[in-house]
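Number of protein chains: 2
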Amino acid sequence: MSFSKHCQDDVFFMQEAIKEAEKAAELDEVPIGAVIVKDNEIISRAHNLRETLQDATAHAEILAIRQACKTVGSWRLTDCTLYVTLEPCPMCAGAAILSRLKKVVFGAKDPKGGACGSLINILSDERFNHQPEVTGDVLADKCGDILKKFFQDKRK
Amino acid sequence: MSFSKHCQDDVFFMQEAIKEAEKAAELDEVPIGAVIVKDNEIISRAHNLRETLQDATAHAEILAIRQACKTVGSWRLTDCTLYVTLEPCPMCAGAAILSRLKKVVFGAKDPKGGACGSLINILSDERFNHQPEVTGDVLADKCGDILKKFFQDKRK
Numbered sequence: 022m023s024f025s026k027h028c029q030d031d032v033f034f035m036q037e038a039i040k041e042a043e044k045a046a047e048l049d050e051v052p053i054g055a056v057i058v059k060d061n062e063i064i065s066r067a068h069n070l071r072e073t074l075q076d077a078t079a080h081a082e083i084l085a086i087r088q089a090c091k092t093v094g095s096w097r098l099t100d101c102t103l104y105v106t107l108e109p110c111p112m113c114a115g116a117a118i119l120s121r122l123k124k125v126v127f128g129a130k131d132p133k134g135g136a137c138g139s140l141i142n143i144l145s146d147e148r149f150n151h152q153p154e155v156t157g158d159v160l161a162d163k164c165g166d167i168l169k170k171f172f173q174d175k176r177k
Numbered sequence: 022m023s024f025s026k027h028c029q030d031d032v033f034f035m036q037e038a039i040k041e042a043e044k045a046a047e048l049d050e051v052p053i054g055a056v057i058v059k060d061n062e063i064i065s066r067a068h069n070l071r072e073t074l075q076d077a078t079a080h081a082e083i084l085a086i087r088q089a090c091k092t093v094g095s096w097r098l099t100d101c102t103l104y105v106t107l108e109p110c111p112m113c114a115g116a117a118i119l120s121r122l123k124k125v126v127f128g129a130k131d132p133k134g135g136a137c138g139s140l141i142n143i144l145s146d147e148r149f150n151h152q153p154e155v156t157g158d159v160l161a162d163k164c165g166d167i168l169k170k171f172f173q174d175k176r177k
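Just so you know, the sequences run in chain order A and B. Residues in the first sequence are numbered consecutively from 22, following the working numbering. Residues in the second sequence are numbered consecutively from 22, following the working numbering.
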């Protein structure tokens with residue numbers, strides 16, 4: 022029962038991350054969205070804003086982590102879970118370790134830059150001082166389709 | 022001659038990064054400092070502010086990259102060099118790739134978390150879409166001594 026409940030939660034919160042990705046698309050940003058959850062409540066939500074802010078670090082995950090740190094008043098996000106529509110890159114996977122996130126749940130895999138199993142696997146490397154749990158492939162098709170549509174529209 | 026000139030520049034700018042590390046120590050932050058240089062001029066400078074800001078992403082490099090993006094008005098830091106007193110972690114090495122930095126120059130190696138050759142080597146991985154040049158070991162002893170002294174004082 023608890024596994025089933027857990028999966029339902031993952032789907033629910035990934036749907037919220039997808040809503041963030043859709044906000045990014047509306048801004049003509051690569052559509053990636055994230056939410057951070059603590060005690061079953063969303064404590065921060067963000068979407069990619071690289072172009073809008075002209076900031077190379079303004080990935081959805083970094084913005085969500087910074088906001089969550091503000092919300093909890095600590096750089097330690099112990100007991101928090103990050104939901105993100107695309108497999109995190111090295112920067113964002115690194116930030117997940119640094120912020121001591123309990124868990125990272127991602128949607129689509131990123132074969133070109135993913136750092137959670139696709140190209141490298143930072144989160145499971147026991148030489149770093151923290152290893153978040155990782156779950157991938159949650160609503161992967163839906164998360165990937167939003168990205169595919171965005172890049173298809175760009176080529177028109 | 023040009024190699025000698027180049028090395029002198031690296032030492033000069035690393036000394037500026039060390040000044041930033043010393044500012045961090047004064048704030049009781051782990052003393053790591055960074056500057057970003059374009060056309061032989063410092064366009065941003067920052068030091069670790071994780072505790073002060075209670076922000077897990079507030080490493081010297083991330084703060085310097087964000088400031089440099091603001092200064093040049095673009096997320097692309099092409100033709101810019103990052104000088105940092107400690108070998109970047111995965112988050113910061115990833116940000117160096119994402120911001121298209123031309124070069125990363127670091128001081129001391131980080132055997133516990135370094136992502137530029139010590140534990141992993143993100144910057145030289147040709148599967149990512151950009152590879153900054155990398156030079157390590159610039160004023161490494163001085164950069165390392167500041168960190169050693171900080172942690173020794175903590176234990177007193």
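Errors might be hidden in some of the hints.
[To be verified] So these bits of chain A aren't anywhere near chain B, every CB distance computed over 12 Å:
1. Glu62
2. Arg71
3. Thr78
4. Glu82
5. Ile83
6. Lys130
7. Lys133
8. Leu144
9. Asp146
10. Gly157
11. Gly165
12. Phe172
[Unchecked claim] Just the calculated beta-carbon pair ranges, DEER-fashion:
13. B:Arg176 / A:Gln173: 56 to 62 Å
14. A:Gln173 / B:Arg148: 20 to 26 Å
15. A:Lys40 / B:Asp166: 46 to 52 Å
16. B:Asp162 / A:Leu48: 44 to 50 Å
17. B:Asp166 / A:Phe33: 49 to 55 Å
18. B:Asp162 / A:Gln75: 36 to 42 Å
In short, the hints are calculated from the structure, not lab data. The beta-carbon is built from N, C-alpha and C at its ideal position, and this holds for glycine as well.
Next on the checklist: Tell me the hint numbers this structure goes against, listed in increasing order.
Outcome noted: 2, 3, 4, 5, 7, 8 and 9
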